[in-house]
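K.L.:
Each of the two chains sits in its own frame; use the hints to bring them together as a complex.
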Amino acid sequence: MNKRKHYPKVAIDMFFVQGDWTKWFLGIITIVYVIQVFFAIKSGNSQDDFFVSSFVASNIYMFVIGIIAAYVFLPFFVKNGVTRRDYFKGAFLAAIGLSLTIMVYSLILTGLERLIINLGNLPLVIDNTSIEFFEKDEDMILLGQIIKSIVVSPFISLESNWLISLVLTCLNFIVSYLIGWLIGTGYYRYGWLIGFGFIGIAIVLMMLWDYLWGSGVDIPIFGLILGSVVFIAIILRTLYALINRVAIRL
Amino acid sequence: MTFDIEIKNLTLKYGNFEALKDINLKLPSGKIYGLIGRNGAGKTSLLSLLASFREPTAGSIRIAGEAPFENPEIMPNVAFIYNQDFKEETEKVKSLLEVAERYRPNYDAKYAQDLIRKFKLDLEKPVNKLSKGMQSALVVTIGLASRAPITIFDEAYLGMDAPTREIFYQELLEDHRKHPRTIILSTHLVAEMEYLFEEVIILDQGRILLKEDYESLISKGASFIGAAERVDAFVAGMKKLGEKRLGNTKAAIVFGELSEEKMKEASRLGLEIGNMTLQELFIYLTKGEEYNE
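Those protein sequence lines, which keep their order, are chains A and B. With the first sequence counted from 1, adding 19 to any position gets you our numbering. With the second sequence counted from 1, adding 14 to any position gets you our numbering.
Looking at chain B on its own, in the form it has when it is part of the complex (with noise of 0.2 Å):
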């Protein structure tokens, strides 16, 4: 059973206010996923979906070609791992550990041990005194050892410190190498974030801006740094992300099919040729303005 997720014309209304609109959007199973979006654009909106808490108001989902609402068959095998309200989480570490052992499938202790160990995680602690990072450990602990063929990880780093985090996406890598899964990753850190990325898919207001392959996506663009006039001259007429000035050097960003000659150009320019950054694009095209691919 492969866990592709087929979503058509997928529209979810809060009242009159209108959270999707529309997605078309096809996750085949087994990827890493960055779903990035600023605040309010629907992520969580879309997720929530994918996790059964909720019902579309019009449009489908198909996980495994199921409808995954209601269905034992898919429901456990979807985890959605976001950082939760613990205030009134009485409970120890421990039985949250078990309750997932309990009612996950592909549960895997031994994997949950390991990563209690390396983020520090107290078994015998209730829940609700944990601080906010650890209890983001525990959820982000629970997810990975879970090994749901669709994992979700809606923001759940939040209150982690950098160490810890970069544990978190180096397990995830790893885990994901060895057992292969599709995993969703929802953020907005995406600078630090976009090398996990294998698909990128942009949700702006509701809408599906663009989705793409990380590296193909990030090849259209390019950074050009030297002195300023040589840039401006050289840029002139392209789609233009960004720009950076310091002193006499300018530094632009631009995005669009750069042809060889255009490369080889800038070469000869003496400009230096650098990358251009998912952040770069995703801050450019949810800024307000039109995105033509």
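Looking at chain A on its own, in the form it has when it is part of the complex (with noise of 0.2 Å):
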């Protein structure tokens, strides 16, 4: 008998649905952001580039289509026959799919706005200082410290190291997306009481996600990527505890 392989068809699939919100995503954070330009150059005010500016959007983006991920996706492919490992191994190579368009997407914009803004000898200064905002947190209070966590991921800025930039950015989509799956996971399987619990998980989660890249803990970088891939591991283990063994409401 032939072993059919049903998930890298789950992968596209699920690659082109959430693409297609995606292009709408991308595409109004960049009508957003133009107007933004626009009216920094009226004002003489300083922007940050679009890597930037994009890059707190984006991720909360990916945490919401992973939530959808569980709620629609798990049920939806099951119904259809597919496996839950399957659906579990399809979605996680969607996401990498769609974290690696976003973060392509924003390079290319921002390369292309430099283009312009030298070209056209455009009098937009870039200032991509306000994402410090974020890496300070020594005086914030605990509470704030969480907000911290959920609302910015760590960030590494292209100028200081690009390709640690690229890597960091896209594995903030990638665990973007996870949480959400995980909390849209959780709340399926257990209902709203518990689901809650995974609320607080994701927390606690996202807290230690950005300790391992921002508050100036000195790891080296292979160490921060090896500690990264442990992280995802981590949770990727749990979702799937969570997701193999499932009942799928009617």
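Rather than coming from a laboratory, the hints here were simulated on the basis of the structure. We treat Cβ as the ideally placed atom computed from N, Cα and C, and that holds for glycine. Hints should not be assumed to be uniformly reliable.
As the list claims (entries may be wrong) - Below, computed lysine-lysine pairings styled on BS3-like, alpha-carbon distance capped at 30 Å:
#	chain 1	residue 1	chain 2	residue 2
1	B	Lys132	B	Lys143
2	A	Lys108	B	Lys234
3	A	Lys98	B	Lys27
4	B	Lys132	A	Lys24
5	B	Lys139	A	Lys28
6	A	Lys98	B	Lys143
7	A	Lys28	A	Lys98
What the hints assert, rightly or not - Partial selection, computed: residues in chain A whose CB lies under 7 Å from chain B:
#	residue
8	Asn99
9	Val101
10	Asn140
11	Pro142
12	Ala266
13	Ile267
P.N.:
Take a look at the structure:
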């Protein structure tokens, strides 16, 4: 009997369906950014480049579609005769694909932006220091740190180390998606009361992720990547344990 | 590969509630089975176990000799068709059919087109904009065109008008003849659908009440119509499923092996002999009285 592998199909289908939503998302944040630039030029203020500016919104976006990954796609695929395992693998691959897509789009648009500013000699000052506001958190109270962890993911600017910056950006998107997916799965499996507990777990995970990359911990870059892989692997293991025997509601 | 179903000592609990109690069932592949039972009898629970929507609390299910849950060889070959909630489904009819085509190994797109024409489905319409009956027509189309070796229709006709249901029944019989496969029809529209069944399974309060070949089951009962006192005298001591009286004429439906002499006696008494319907038997059996085979 030929072994049918369904997960590549799931990955492709989820990538394109979510990709459709992502087109809208990227379109909207691009328009918003252009409007921002317009006003920055008019008023003579400085402006973050697109890469920095889209960063927070993209992470939140990935978090939201992660939640939907559980609620919409899990029952959908099982009802079509796909195993939970194939769904799980496919959804994760799609999340990687989407993360890369968003990152590449931001990168291209940022490059384009620089090119236009230089060629067109536009009177726009690019100043990416606003993101540092989020990096300095020693004065923050706990609640502030929690909120910061939720809203902003750790960030390394393109200027300081472009490769690490891109890797981290992509990892951030993936982690945001996984955390959303974890909450969605927790709710789907256990209902709202225990599901609420998953929000707590998610907050702890976000803080751990921040702690790993931010807050000046002196870990060599290799250690950071390794730490990230372990971190992601733990979330994936937990997710799979939740998904692999879950009952599908009619 | 034949997709025989074998269920052993199957129990399903939701918390403390036992939805299915020690079910044992063998369903050889290729037949049309009627699964009937009252609301809450456990029909949908049993079917969702076959479709791997959930796992049993105890006991086992084997399909084609294998445990179906999370089995990539089995799950694509079991289609569970029911009246889904499509309120949020903004995708077009077309895209849902494409999904079935992608994930169901035996899907027949040409046959699907055929059914779409017959049901007058609009391919371009978002699914949540369809009427309830049209949504049912859509899931039925997907179910039939998927040609899954095990196809389950759980009250899939809800909202369909009578002529549309008729198309469904005719298509089902016709396609089953051309492409024999296991079809399980779960319903409480027994009267309307009983002619479709090859075998009947009656589920009551989580237990299998009976499983029998339709023809032989039906031949065990009969109705007798005639003058009230004659009918009464004739059926005395027999298992009565029900009776109706109009003026001095009475109809009594009885169940149990009817001997040839008994039948002859009925003719001699001038009683009109008719068939018992599955509906009558079903109502009688699930009213709460004991049934001894």
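K.L.:
All hints are to be evaluated individually against the structure, with a verdict given for each.
P.N.:
To see whether the hints hold, each was checked on the structure:
no. : hint                : result
1   : B:Lys132 / B:Lys143 : holds (19 Å)
2   : A:Lys108 / B:Lys234 : violated (54 Å)
3   : A:Lys98 / B:Lys27   : holds (22 Å)
4   : B:Lys132 / A:Lys24  : violated (34 Å)
5   : B:Lys139 / A:Lys28  : holds (25 Å)
6   : A:Lys98 / B:Lys143  : holds (21 Å)
7   : A:Lys28 / A:Lys98   : holds (15 Å)
8   : Asn99               : holds (4 Å)
9   : Val101              : holds (6 Å)
10  : Asn140              : violated (46 Å)
11  : Pro142              : violated (45 Å)
12  : Ala266              : holds (4 Å)
13  : Ile267              : holds (4 Å)
Going down the numbered hints, you'll see the structure goes against 2, 4, 10 and 11, while the others check out.
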